Amino acid sequence: MGEFRTLVFLFIGLVIVWSAPPAAAERRICPQVRIKDGRLDLNANEKVLVCGSEKGSDVWKTVPLSQSEYHLRTYLQNRGYPNPTFERHGSELWVWTGPRLTVKHLKAEPPAPMLDLSRKRLVIGYPLASEILDDVTNWAEMELRSSGYACPNVGVQGQAWDQSVVINARPGERTLVRRLNWEGREQLHPSVLARYSAVRMGEPYDVRESQLTTARLFADGLFQSASIQARCDGPHADLVLKTSVGKPRLFSFGFGASTEELIFIDIGLRNSRLDNRASSFTTLLHASQLQQNLSLSAELFSFPFWPTVFWGPRFRVGREYERDYEVVNARAGADIGRRWDQLKARWHARGGPTLNYVNTVTGVGPSETSYLNWEASITAASHIYEFYMRDQSRGWLGRLDYRGQRSEIGSNVNVDRFDGSFKYLWNINRYSPPLLVLASRFQGVAVNANPIDLSTKRDLLPVDYRIFWGGNENLRGFARHRLNNGGLGFLSGAYAGFEFRLVEVLPYNVQPFLLSDFGQLGRKRLTLDEPLFTSWGLGLRWASPFGTLRGSAAKGEILNGDLSTLAYEQEWVYFLSFGQEF
Amino acid sequence: MNPRVLDWPAIFRFFGLLVVALLLAITGFFYWAATHPGSAWKTFVQPRIFSRDTQIKTASATFNVTKISWREWKVDWILTGLQIHRQSPALSVTANAKLTGTLRIWKPNTEFHITGAEFISETAPLIYESPPGESKPQSPFQMANEWRQTLLQLNRYVRIDMLNLSIHDLQLGSTAKGGQRSRWKISGQKPSAIDPLASIFVIEGLGADPATKVTSLIRMDQFGNGSPFLKTEIELSAKEWGTKSQIEVGATDAQITATVKGQIQYGKIKGGLDSQLVMTQAQMALKGKTDLENVPGPVPEIKGLDWDFQVPLSDNQWFGTQPGRVTAVGPLSLIFVKKDIRDVLETACKCKFPDRLNARVEGSLWPGNIMQRSEIEQPVANVKVNLDPIQNSMMQMSLNGQFTVINRGGKLHYWPVVEGQAKFLDFQIVKAVLEANHILVPSPFDVLNGTIEVSSKTAVTPNENGVITIPAEVKVNLSSPSQKIVMNSTIQALIPPGRKSVEVYANLNIDDFIIELPPVDPIHGLPKLVTDSRLLGKPAPIVDDDFKVRFIYDVRTSKPGAIRLLSKLARPAIPVSVDVDRTRAGDTRGIVKSEPFELSYMHRTLFVDGLRLILDDRETADFAVDGRLRMEQSQYKVNIIVSGTIRSPLIKLTSEPELGRSDIISVILYDRTSDQLVAADRETVGVFDSAVADRAIGLLGLWVFASTPIRSFHYNPATKVYTATVQLAEGTTASLGTDWEEAAQVEVRKRVTKRWVLTASWKPGTEERSQTGKLVLQWEKRF
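Chains A and B, in that order, give the protein sequences.
So for the first sequence, the working numbering puts the first residue at 1; every next one is plus one.
So for the second sequence, the working numbering puts the first residue at 1; every next one is plus one.
Keep in mind the hints are simulated off the structure, nothing from the lab.
Don't take each hint at face value.
Claimed, not checked - Ranges of calculated distance between the beta carbons of each label pair, as one might list FRET restraints: (1) F305(A) <-> E658(B): 35 to 43 Å; (2) P596(B) <-> G202(A): 49 to 57 Å; (3) E131(A) <-> P596(B): 37 to 45 Å; (4) E658(B) <-> V240(A): 19 to 27 Å; (5) V549(B) <-> W542(A): 50 to 58 Å; (6) R28(A) <-> S533(B): 29 to 37 Å.
Please read these numbers as outputs of a predicted model, since none were measured by experiment.
Think of the CB as a built atom: it goes at the ideal place given N, C-alpha and C, for glycine as much as any other residue.
Okay, chain B solo, but in the shape it has when bound (with noise of 0.2 Å):
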């Protein structure tokens, strides 16, 4: 049998018959489409292109082709009320179109050469909604590129020649988003006023904050060379923020640019930028210079900023798990918060402070993280500042920080730490600047000389509960011939949600606090440091508003009599230790006391064993107070036991040998016993204990009477006012108190020596002899 030989002239037969069929069929399908664009176009394309329930008419369609050859077409297609309406995605259009061009497929090339295209549409907002869907991740340089190849592969078939495109009402928004929309209004001119070649497009937003508006220069002609092809105009003016910046953007296969330079504003702050943008696939370098002036804080102005940021990039990623690295160098102006302050500061220190700080920054970014709403916390950003330190004879000082932000939520985080340090190296220069701002460094502060160190690390940022907490040491070593100072102390500062009050936290130890008091003499009371309380000047405002700051404390001495009060009086000083607290509801609490130490004066010592002060609750500051204080006379010695309040201290005497309460203050005041007194001073003494008794004498009351002779006493029990009279040196008196109590008796005494008193008095009149009046010198004595 013979193998089966193909009837190939069949074959072909069969294939070009199905081929001319196919060709007829095509030919007769454009034919018809071309005679029936609008059946052609509802039932080909529509579907494909719309959804069912869209709905599309219009009032006028008109769609001519005429051929100009068997590979070109000249289409005009105009149509006049077109409207496309679907309900979900919303898609709303009311515009008339036109479009003229050439079709021609094949050689050299299948261009669409659009010589004319306009859509106008301004009688009704044109609406799109995106439909919800699932969106591919894509690194930028991948969303670049898409929208790149887009543009390429449109620049490959379509020129279009002139455009006129006006939408005055364009609402964009998505399902996804709940409808809300953004409004914009659209025009677009080729060829463009400015460049020929160009098309120029202005989108300008409608109702929205920040006011947007965006012109663009495209030339599609430099699409794919490198060159920039696009050059945009951007402004964006907000309430308290805006931008106007000029951007071009050029593009091959392997990477895409972009320079964008302008202006940007927020607040008062103001700013130029001038960046560079290349972007791979492989990564995204960002550098560039910033301007930035009225920048809140210690630096308001910034020049010269350079900065770089570069950051890997991962294909179907957004920006990759990996950070970015950021650099910033840049001089800071050193700004002083009062003008003709550093004048000042170099005259006192006799050197000079630089005009500039060099400011580094360096760190991780992760730009990927900055618009993530994962619940799992991720990091965003993590730089370290630096400044450059100031050194001079009057001060050490450096600044750095770091900065940390976070993303959780889709809310940013941030941490900024401070870590500020300062040493004032001669106290003197620093006297010298706070007295030439009217701040006083009183006596006997004024002729110390030291260091004083302030160092602080703080998160300047609130914790969970909206609190700023800045914890600062604060190290005070200074000292004179005679007098020295070496305290240590922590502080921190909080300062709450609202910022309307700060509360600061103290902790002060004390190592050494020595000071000469002031050469007063106790005789003629102590000199008042404050205003009297009860003269107003104006009247008490309503601190509701002000800002409050809250102090609390605790300060201690780090050894028993680390306070020594240096004055001629006491010997060798008056030693106190101090442990007080002041609480935050206000309370001070503690006890401030006195180590023994001796108390001369006008030849008398009375020797303080102790003396305390307890602190506590009270609004008048009439604390409580308790001690024992001994005096010995030539025969006595007398003790004085303290109790009761500083105003209203209750006094105790006892003595050895043993003395009724009179006689041991007849022996305080004047070293004898009452018997040994003349009646005048009998009768001082009694005086004397009445006002004790009632509490009238303070203890600084109590030593100048015990240390001066005293010529007279006379006391008010109503008003508890004393006056007294008392001798002192070199034969002169001085008188205490301020007025002259009214006595209730006719007679007046005054001591002329220890047992000689000058008496004048009125005797009413007698039977034998009427009222008289006489002066005489007595001498008594009492048994």
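Next up, chain A with everything else stripped away, as it sits in the complex (with noise of 0.2 Å):
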């Protein structure tokens, strides 16, 4: 724990230095124009008219000092100095930028209920200029379009007298969807719609709902534009979704790296337009020192009366090498599946049977077996998640999996696993942009098998049914699957994890976190045993333009520890991930 507090101590001196105003200079921003005080950024365009350009004739080539004056103060005033000054010296202007003003209230005249003018942030305390009036603008615009304004009329002002932005907003009225309609279908069924859409008819207008169909039908590959357009009818909204299809097949070669796997190469293959129905078809290899494996499936809308409804066959061949084995494998089963939105969730099942053929070439496991096996899924994340993915700051995703066979039906043993798991993230204070999140995920895992015990017949059981912890996605204060109970896995499990993030203070959109993880596993089915294996650090989460950027320090402690738990090592283990999320 001290290192712990020593890391956070040198991590809020970090922050602190780092968000310290750099000190003020004297700067040139081009021969005659010198700022005496403050900074001044001006792009290309904004030097033109301030400095002259040598780019061009003689025209351009100086302007005069009055109209550099002049345009250097409208440009200081548009961020939010309002009072410059300046003086002349033989052929140079000199400027004082002077204070800078800064936002001190917020405001709605007239008073729009609808706007939690509290929740906003980044507003009071930052600089009076047009940035913040954008922002303040196109938070209120996305407030009312989300709480089912579909026309509002936005206008924001800042005043310099009394320093603050006043927002006049007009909402309108509030509207229902009353109807969606879809242009440049083509040829395709307008059933297809129903498990892209968020919309539902009758419910208030969301603009990110509106947003989640479109890229939805972008995701999947079948459109290459979509787009919704709504218009407003008094108390109604008309949705129109305008549509172009692409050509239904894609072959793809790419080569890569991943937190797994470094490096690999994928060669694939898709059919998204089987039919009218949107029926897919996908095929691909996947190669890499850890795993190599073809996989080919298939989702086909051929259910009349249920849109929603698919049938999913699939096979996959491979080989994988992880630590404590190596398998190779072959899958092939049918599911039966749906995609549809209820209860303001995107709800995703799929169940059906699957037969396999495993040889454990090396670590616990069958050597040689085959078996079938059940397999069934249902995923479900909220619309407010999917929405604000890429942000990780709200929503919540929860999932329940389950696997089993029958030694009755092409198996020699009988086993059911059980995974269940559960994340919430919490905007504390729903503050826009949040400012701290507390992030919360909880995983639950049974292995029921019988009879199975630890040591005589675990070799019997397939390693998919073998949990094995410890890594990033559970407890991060070990390696990953270092918690295997000597090779042989646990068969129960149950794990709480939590994140504690600062969003949207540091430059840059660095998100430090403070992180804590607890878990139990059992060696027996449905039984948990004693140690409680807990993690606590703290990491730096990067929202880049290429993906979110992880790393996080924690260090693994075992409470209630015993002879089981000696081979674990309680140390610092250090993550670094890349598009992975908590």
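Mind assembling these two chains? They're in different frames, but the hints should get you there.
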């Protein structure tokens, strides 16, 4: 804990130093203009009007000092410096930017109860400049359009005399979605939209649901353009979806790296429009040092009365190398699945039998076995979570998985595995943008195998039915899959993890967080052993333009340890991930 | 028979008796009058002087006549408590009077030598109203001469040694003026303390505005010999004006002369006057010299103005119908609005501006029509004013005027007509002057040179509705090696009654307007030229009392494309034609349109076949736009038909050969149809299409994106804000927009080359694999 405290203090110190404003210094932005205090960064075009330009003809080589002064005054005022002063010294113009006006009040006139101004951050104390007004305008529009007001009219102004930003919002009528017309679907069946649309008729308009709908259409690769426009008609909003369908087949070849496999190669072929109900077929060849596999899958929407239900045959064959085992496996199965939206959440369910072949080359597990198992899963993500997925600041995500096999049906064991996980992101105080996010995740795994005991027959249990914890996805104070019960794996597990993240405070959107994990594992089914595995640490998250970079440093500790835990090291573990979230 | 012979002795006896009887009667009458003055006054004098309704009474009356010799009597006459009252015309006198003198008849001359006269009225106002009557028209000379004759007669027969006159409240009026009376306080003494031979009278107005005080010294002994017999000092003092003048009047049989010297003041205007009047029966001539200071307007000081006025006179007419001739010559000081601007001007033009300009006034004056009350229009004045022109290397300026005054129904109406011309010969000098006064002449106009001419001829006088109209013409002819401005405009400024606003009507005709646009790069966006209107420095003022200026204009190009905006991006230039009106109601209507031209950027060319901005009555200035643009890509020709408004243009896309909308956008952005694009670029096309469909991308954005390779494009339909990264030359990129969209996807793609794209993705955990993140460099083909 002492080391942890030291790290925290160091971190806070870095934050303070990083956030300190730079000292003012005299700067020359061009030969004729000197900024005596403050800072003014001009873009290339602004510089042309202030300083002239060597490009072009003699007309614009220089500009009169009075013109420089005029434009500088405009730029400074737009940036929150209302009272700059100027002096001419020969052929030079000296500029004092003066004190920067900051916002002291944010108010709405007339009052707008649908806008909770206390939730809007990054306004009070910030420069009274055009950027702030744009930000407040965008926020107000987004809030209104997310609250049922499809056609609001928002005006914002900044008042220098009382340093306030005043919102003039005319939300119009609160609208319910009346209809959603689809233009440009070509030969696609209208029912195709049902599995993408987050919009429900008769419910209050929410622009986020429209955006989710278009984003899902894009993500599937079926459409190459999609947009939804809202038209207001009194208390109703009529939506028009305009799409254009793309070419159905896609061939791709790529190579890359991941947090798990280092270098890999992917070759894929996908047909996203097998029929007018947009049934799809995908094949992917993946090869890396740790894995090589070929997978073939399809989603066939062949049920005329249930347009969101699909039949999903699948086949996969491959080879895996892990620290504790090496397996060759093949799987073939078929699922019935469904994708739909309900209760402001996105649901995805599928289930069906899978015929498996597993050859455990090294490690604990059956050397060669075939079995039939059943697999089912149901996933739900709130629309809010889906909309703010890149932000990772709010919403919930839940998942239930089942996998089981019966000795009576092509298997030599009876085993069931139940996985449940739930993640909740809480934007504390619902600020916009968020200030503090408390992320929590809970996971429970239960493997019910009878009769398997610890040492004699564990090798009958396929590796899929054994729990190996440790790593970035659960107990971060322990190395990946390090908690492995001597290589046998566990049969029960319960986990709770938390992150307390600071958002939009540090520059470049770097988000520090404190983390803690708690987990208990059980060597027997439906039983949790006494040792409590904990992690404490801190990390940084950076939503870069390329994806999310996360790094963490956590110390694993075992409370109530026993002989079985002696093998596990309690040490500092560092993770760096790309694209991975909590 | 013998002729009758006249009995002359009898005749002589008869007439002699008659004469004796008459003499006895006359003597008896005079004796009776002397011994019974009251009865004689009442019987013979009063009825002849006063009307029957006049009541006269005295508290006591004493009339003593003492014979000095048979032709000389001493008279002592004392009236105490004299009261004279008459109802109409009103007459009321309450006074004490004394008269002591000697009446001498005949040798050497008949004279009433008053040795002492006193008239004191201090207990009650002395009221006199003149009866209505027809006054016989007279010329000024006749009127003056009549007074002169009266005084002459009086001076011949009456000599006053001592006089004491005091009327503390004299009220004079006229029944014709409806009972309005002026009130005066009069005192007179002879001899005066100043000159023992002169009488001094002091007349003060009571409650009058202007406050009036006239002090006059009269030397009756000099009356008639031409020397000044009357020296008067007049003081008039009102709220806004006043004068203190000294007048000397002299008279002979042939002429009346007067000199007037003094100070006058009107508001802040002060002046000195030194004039002479010579009036004969045939003519009145008035000339003098005047100095004025604090005169409002461009010439606040007039020193040494010599003027001359001569008007013929005719008997029995006030001034006659013949006009008088007025001339005036004098130097006017050349004063500048700002004191230091003279130095600035002289330094800029390397020349000297004169301190004074000579002004000449010539014209006709009808003084007789000034007070007329005829409904027929009568001329009063018609004069011309000419000012010496200013000419130097910087400017040529001349100013002339004409002033016409008429009398209609007793009211004076005037029409000043001012004609001015100014030609600025060197715009660079003008620019130097403007900049010295902190008036900005921005680039690219600061390198121009040439002439600006302003001319105006206007009647600066209200019309029947009280509106003053000031017209002007402006001609601009400026140029530089690559630029040219040739414009003509006619302007009318209308100032309504109340003078709290002005309407300016301008017709601007543009023959050539060729200027160079700043060499900006469209990638960095258009820089803001004015402060963000949403940022308010102070509360909006209440403008009711402010002076308002309203512009109503009409701007036209004389030929298509007369406006040419030069830019390296446009070949050969951006030609624009304008036909715009702003009406009196404040509506701006018209058309601004471009002629065909090309826009080239980043090796891509956009042909603008025509683009029109239709100005109509919109408060938001988001005007309608229509036009047609063309892009010729390697295999397709794309036509972009624009409609809608500036901020939300509606874009219709067609192509040859025919393509679908998404493919057209793909060709615009990437010069390839969508099937040839990688997934990332297809998505960009789709999102771009959404933004265009939402009318969130304006024309500039469309052109920029058409001209530059796009690396990424994000669009937020809620806020209609897009952000994009575009590829510039030299491998650099630039970002457009201000915020990253909160993408709802978990995959972020960046196109590296034509076919290769870098994808960062995160996959949630599956049955086989937990969630993973990966970075993939991927090649794609869609078919």
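- prompt: Taking the CB of R28(A) and the CB of S533(B), does the distance hold inside 29 to 37 Å?
  reply: Given a distance of about 31 Å, which is inside 29 to 37 Å, the answer is holds.
- request: For E131(A) and P596(B), compare the CB-CB distance with the range 37 to 45 Å and indicate the outcome.
  value: Given a distance of about 39 Å, which is inside 37 to 45 Å, the answer is holds.
35 to 43 Å as the expected CB spacing between E658(B) and F305(A), which holds or is violated: Given about 39 Å between the Cβ atoms, the range holds.
- request: Kindly confirm whether 19 to 27 Å is satisfied by the beta carbon distance between E658(B) and V240(A).
  value: holds (24 Å)
query: Does the hinted range 49 to 57 Å hold for P596(B) and G202(A) at CB?
result: Since P596(B) and G202(A) have Cβ atoms about 52 Å apart, the given range 49 to 57 Å holds.
message: Quick check on a hinted range of 50 to 58 Å for V549(B) and W542(A), using CB atoms only.
response: For V549(B) and W542(A) the Cβ distance comes to about 56 Å; the hint holds.
Checked against the numbered hints above, the structure violates none of them.
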